[in-house]
Amino acid sequence: MLDTVLLIVFSLIGLSIMLNFWRLMKGPSVPDRILALDTMYINVIALIILYSISMGTGLYFEAALLIAMLGFISTVAVCKYLLRGDIIE
Amino acid sequence: MISEWIVSAFLLFGGLFIFIGSLGLIKLPDFYMRLHGPTKATTLGMASILIAAMVFFANSEHGLSVKEILITVFLLITAPISGYMLIKSALHHKLNATEETKGLDKIEKD
Amino acid sequence: MRLQGQFKWLPTPIFSLFLFVVWLLLNNSASIGHILLGTILALSIPLITFSFRDRQPTIIKPSLALKQLFIVLYDIVVANIEVALLILGANKKLRPAFIKVPIDLTHDLPITILASCVSLTPGTVSADVYPIKENLLEGEQIGQRYLLIHVLDLDDEEALITLIKQRYEMPLKEIFQC
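Here the protein sequences line up with chains A, B and C, keeping their order.
For the record, in the first sequence the residue sitting at position 54 is 54 according to our numbering, with numbers rising by one throughout.
Plus 1000 on top of the position in the second sequence (first one is 1) and you've got our numbering.
Plus 2000 on top of the position in the third sequence (first one is 1) and you've got our numbering.
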């Protein structure tokens, strides 16, 4: 049963990432694109965790943690750049 | 066996919420409303997928792994911060809100 | 309100506890070696970084803080389901609005926690804190502060303001005693 559920959730999240990608391409403004990218990061973390469940290994959690941190930092950095035209003043 | 049911339920719930969050990103009319989908629905979706992973690994031969809690806490702390940064840069760029939005005069210039 | 911990060698007790727990979670073990190393790190990192951090109020009532944490977690689950239903509904039914909530908190840390709670719960995202510091004249005193909030579906403005003030701001004021 778990295999079927995993397949369904994999496709749900894959579809979500495609929707995010559409928003990333369409815009219309820069904050919209950053928002789409930020959501994409979170969805990719979900995808990695699903993969680690389907493979049955706990090795991928470090990768998920790293993507969570890098995604947050890059979102904040890009927003700061939009706000001030500079990241560290 | 019962744990498999719990894992499946949490996974489906989480996947559904992540999908709804991304759907909001596409469907809602302006940026300020679009921000609600990813900051909320996706957070809960991630939390339930991570709970599912925790239950799954607690019942496998790996034994209990608690790193999932760390990811959940990290996402819960950072989601409002990145949402705040995004809405602040949107206000700075004076993005248009839909006409029905009330209280637009309350925004001050920065 | 207290800006510093009770002991000089432990300036920020909650931060130390947090560091210790995060170290154990990262290593996924509770062996003697990791507990010892975690303790050393949790005691030394706050001491080293203390001099270049802004002084923030410390938590005075930990039991109340724990209770508030569970209230917020419950609200997050309920609010998420509400927002999901709103997203699935028709766009035309939504009544988006910006509202200003007057806040009595004065320090950065409690205001940040309040804004985060607001962002995570019922259909609201906190947008800004007024007055903006850069707009103030030199030496001008900050009077009443406001939190600008974007609401996805506004029903009753007064009711929402009282809800935010009662449910999230009052406990924070008691926890930090300011």
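Honestly, the hints are just simulated from the structure, not real lab data.
All of these numbers come straight from a predicted model, not from anything done at the bench.
Some clues are possibly wrong.
Claimed, not checked - Output of the computed footprint for chain B on chain A, the stretches with three or more beta carbons under 8 angstroms from beta carbons of chain B:
1) 6-13
2) 18-25
3) 47-59
4) 67-77
Claimed, not checked - From chain B, some residues computed to sit far from chain A (all C-beta separations above 12 angstroms):
5) Val1007
6) Asp1030
7) Glu1068
8) Leu1075
9) Lys1088
10) Thr1101
11) Lys1106
Even for Gly, the Cβ is constructed at its ideal location relative to N, Cα and C.
Notebook entry, point to check: Does Glu1068 (chain B) really sit off the interface, with its C-beta more than 12 angstroms from all C-beta atoms of chain A?
Noted result: At roughly 7 angstroms from the nearest Cβ of chain A, Glu1068 (chain B) sits no farther out than 12 angstroms, so the non-interface label is violated.
Next item on the list: Evaluate the condition: distance from the CB of Lys1106 (chain B) to the nearest CB of chain A exceeds 12 angstroms.
Entry: Label holds. Min Cβ-Cβ 20 angstroms, cutoff 12 angstroms.
Item checked: Status of the stated non-contact between Lys1088 (chain B) and chain A (beta carbon gap over 12 angstroms) -> Violated: least Cβ distance 6 angstroms, not greater than 12 angstroms.
Notebook entry, point to check: Is Val1007 (chain B) truly not at the interface, in the sense that its beta carbon sits beyond 12 angstroms from all beta carbons of chain A?
Noted result: 6 angstroms, violated
Check: Are all C-beta atoms of chain A more than 12 angstroms from that of Leu1075 (chain B)?
Finding: Violated: least Cβ distance 6 angstroms, not greater than 12 angstroms.
Checklist line | Assertion that Asp1030 (chain B) lies outside the chain A interface [Cβ separation over 12 angstroms] | finding: Since the minimum Cβ distance to chain A is about 10 angstroms, Asp1030 (chain B) lies within 12 angstroms and the statement is violated.
Margin query: Verify this label for me: Thr1101 (chain B) is non-interface relative to chain A, using a Cβ-Cβ cutoff of 12 angstroms.
Written below: 16 angstroms, holds
Check: If you look at each residue in the region 47-59 of chain A, do at least three have a Cβ nearer than 8 angstroms to any Cβ of chain B?
Finding: holds (count 7)
Next item on the list: With a C-beta cutoff of 8 angstroms, work out whether three or more residues of the region 67-77 of chain A approach chain B closely enough for the coverage to hold.
Entry: holds (count 5)
Checklist line | 8 angstroms C-beta test of the region 18-25 of chain A against chain B, three or more residues | finding: holds (count 4)
Item checked: chain B covers the region 6-13 of chain A, three or more CB atoms within 8 angstroms, holds or violated -> holds (count 5)
Going down the numbered hints, you'll see the structure goes against 5, 6, 7, 8, 9, while the others check out.
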